[in-house]
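Work out the full structure: start from the sequences and follow the hints.
Number of protein chains: 6
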Amino acid sequence: MPSLILTNRTTFSASHRLHSSALSAEENRKLFGKCNWDNGHGHNYVLKVSVKGRPDPKTGLFINLFDLETVVREKLLDVVDHRYLNLDIPHFKDVNPTAENIAVYCWDVLEKYLPAGSLYEIHLEETETCSVTYRGEK
Amino acid sequence: MPSLILTNRTTFSASHRLHSSALSAEENRKLFGKCNWDNGHGHNYVLKVSVKGRPDPKTGLFINLFDLETVVREKLLDVVDHRYLNLDIPHFKDVNPTAENIAVYCWDVLEKYLPAGSLYEIHLEETETCSVTYRGEK
Amino acid sequence: MPSLILTNRTTFSASHRLHSSALSAEENRKLFGKCNWDNGHGHNYVLKVSVKGRPDPKTGLFINLFDLETVVREKLLDVVDHRYLNLDIPHFKDVNPTAENIAVYCWDVLEKYLPAGSLYEIHLEETETCSVTYRGEK
Amino acid sequence: MPSLILTNRTTFSASHRLHSSALSAEENRKLFGKCNWDNGHGHNYVLKVSVKGRPDPKTGLFINLFDLETVVREKLLDVVDHRYLNLDIPHFKDVNPTAENIAVYCWDVLEKYLPAGSLYEIHLEETETCSVTYRGEK
Amino acid sequence: MPSLILTNRTTFSASHRLHSSALSAEENRKLFGKCNWDNGHGHNYVLKVSVKGRPDPKTGLFINLFDLETVVREKLLDVVDHRYLNLDIPHFKDVNPTAENIAVYCWDVLEKYLPAGSLYEIHLEETETCSVTYRGEK
Amino acid sequence: MPSLILTNRTTFSASHRLHSSALSAEENRKLFGKCNWDNGHGHNYVLKVSVKGRPDPKTGLFINLFDLETVVREKLLDVVDHRYLNLDIPHFKDVNPTAENIAVYCWDVLEKYLPAGSLYEIHLEETETCSVTYRGEK
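Chains as they are written, first to last, in numbering that gives the first Met the number 0: chain H, 0 to 137; chain G, 0 to 137; chain E, 0 to 137; chain S, 0 to 137; chain F, 0 to 137; chain X, 0 to 137.
Calculated directly from the structure, the hints in this document are not laboratory data.
There are no misleading hints in this set.
Heads up, the list lumps identical chains together, so a pair's fine if it works in one copy or across two of them.
In silico BS3-like cross-links for lysine-lysine, where the CA-CA straight-line distance does not exceed 25 angstroms:
1) Lys29 x Lys74
2) Lys51 x Lys137
3) Lys137 x Lys92
4) Lys92 x Lys33
5) Lys57 x Lys137
6) Lys29 x Lys57
7) Lys74 x Lys111
8) Lys29 x Lys92
Please read all numbers here as calculations on a predicted model, not as lab measurements.
Right, here's the structure in full:
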């Protein structure tokens with residue numbers, strides 16, 4: 000059977016504040032601008048999770064989309080949706096919740112619930128002008 | 000000259016928490032669910048501002064789109080973009096920042112900077128599943 | 000309180016065949032073309048259901064979006080989603096499932112589960128080039 | 000039968016230059032800015048043509064979408080698509096091709112090929128931030 | 000000349016039923032859920048066909064987009080559009096028409112009408128939440 | 000730190016005429032059809048510029064999106080937006096402004112203002128049916 004990429008698209012609504020504990024208040028304000036304002040702001044994040052593999056000839060499926068979406072919803076969206084990432088998600092107490100770092104976090108959360116080596120790509124759209132793609136390259 | 004509707008589309012990213020001071024904590028939690036969680040969450044709001052009028056036969060314009068967008072940006076987006084509405088916008092200290100109330104707020108802010116009677120419609124999309132339309136009906 | 004329109008967007012995937020029992024086979028083929036082919040075809044329908052009313056000053060809501068979407072899902076989408084409309088939905092045994100007739104059907108199903116007079120508009124997109132809007136005008 | 004609105008969405012790619020012969024060169028440059036630059040520029044226009052009426056109970060159709068789209072393509076898009084409106088379309092030799100004036104032009108062209116009184120709305124999107132709606136109000 | 004990827008986007012509307020002849024009725028129902036219901040359902044499939052190569056320095060084109068779209072329409076869309084894939088397309092009598100298998104089918108149909116080695120990717124969106132990407136990896 | 004791709008999406012409106020000086024008038028007309036008509040036509044181009052690299056562990060950023068968008072706007076969009084590419088951009092006096100050639104031009108312009116080796120991909124959408132992807136493969 001050929002090798003294909005299956006992508007599940009979901010959305011979640013969260014707020015965040017870009018702020019690095021390794022920088023001074025002034026450096027944070029200068030680097031992140033309005034994204035550093037004290038009380039944070041939010042986005043409708045669009046999340047595309049892609050897995051890659053060879054469909055079973057009997058079923059025509061590699062991973063059932065419903066199973067993939069269940070993993071995404073139960074392991075990831077139930078944690079981050081309608082949350083203030085900086086305060087509500089322990090991982091982002093010390094990690095600045097940039098789109099880049101959120102994408103890596105999504106990868107790390109989901110990877111352990113999917114067949115080994117099947118996770119292919121995390122694509123995260125933060126706004127209409129900003130998106131990040133991560134393919135697990137450490 | 001015929002009468003037309005001109006619409007300017009912009010976006011802003013803000014966070015909010017649905018919470019009514021006229022309800023108990025328990026009532027708030029029950030009515031608003033995850034939208035009431037303590038630290039708020041956020042959205043990329045899509046805002047469509049429509050004005051209605053007769054273009055000038057000389058120019059082919061009623062209100063110049065650039066002027067309309069300047070009003071929207073300077074009077075409204077500069078105030079709400081990248082803000083936590085409940086804490087940062089005085090109007091929402093006492094008013095629950097539902098999509099409905101945000102749309103009315105946008106109308107009330109913009110109306111005074113546009114030619115009398117020209118504001119036709121505020122259309123506010125909060126998520127892919129939720130939008131509100133307000134045409135100034137008191 | 001002002002009067003606003005609240006819109007909930009959902010989607011459903013269904014198949015149909017355009018065929019009128021009041022026309023001959025030849026008339027059906029000529030009028031509906033490829034939409035009349037024997038075994039039907041399908042669409043991802045985009046459904047926008049709008050209600051209109053005055054929000055409660057205490058809550059900032061007219062109808063809670065979650066309640067509106069629950070009505071749409073339980074009373075309508077659970078019936079039509081993943082169905083072949085002509086065979087699976089009794090209403091369309093005698094009624095040709097054009098986008099126009101589906102929109103009227105959606106109105107008639109939903110109206111009885113919503114506050115009297117609150118249903119404002121059904122907007123149904125069948126493809127990227129075809130949509131129908133119904134506001135209850137009999 | 001109920002009364003419904005049927006909408007056909009198409010696109011065309013054209014160029015234009017905003018310039019009014021009733022204004023001086025300096026006034027044109029000041030009013031229209033970059034839209035007045037000498038050699039013009041272009042857009043992918045999105046055109047939504049809506050008709051309103053009561054479907055035939057026998058067919059479930061008011062105007063067949065295919066017939067509506069044929070009128071739009073043959074009478075309008077074949078004329079304006081891939082054209083420089085100011086030079087190639089006689090109507091815009093004396094009329095400034097603003098989005099407002101193009102929408103009125105579309106109405107006037109299409110109205111005569113559609114059943115009397117059936118044309119309901121022209122919606123023309125020029126860019127992601129600018130659209131115009133015309134409902135035939137003279 | 001540099002090497003580029005050219006992508007043509009089209010859509011087609013088809014219906015299908017997920018059902019594997021290698022599984023029992025009960026296994027099919029359990030694995031495919033509502034996608035296995037007896038009379039099928041449908042989608043507006045979005046198809047993106049990508050070719051890769053070096054443009055001719057004289058023309059600035061590798062494959063003319065119009066020629067590419069003609070191949071896609073005549074060899075593929077004319078076959079699958081407005082069809083019930085399981086019954087109308089011989090290939091899917093024995094092959095379960097999952098998005099994965101449809102994407103491979105599109106590749107196999109188109110590959111023979113395009114310059115050898117030029118087909119780069121088939122991207123097929125079945126719904127807003129499900130898409131498949133195939134790059135010819137056997 | 001992991002390696003990620005950051006993408007900035009912008010748009011510009013320009014006009015062009017497909018015409019190769021290496022071909023006769025008749026060959027140009029035959030090859031490019033309506034895209035060769037004398038006075039040109041235009042598009043809203045969607046431009047996605049992607050850079051790839053490892054975020055700084057201190058900031059969570061590789062290249063700040065605001066800095067990336069500033070480069071795109073100042074070095075590229077300020078040059079091509081609202082222009083007739085064939086006449087206004089010296090590069091396209093001798094180079095046919097196909098989507099393919101525009102994408103390569105965008106790469107060549109932007110590459111020199113970005114950290115060495117960081118530019119990963121130019122994705123240019125000309126219409127809803129045509130896009131081009133360039134990853135710097137000479």
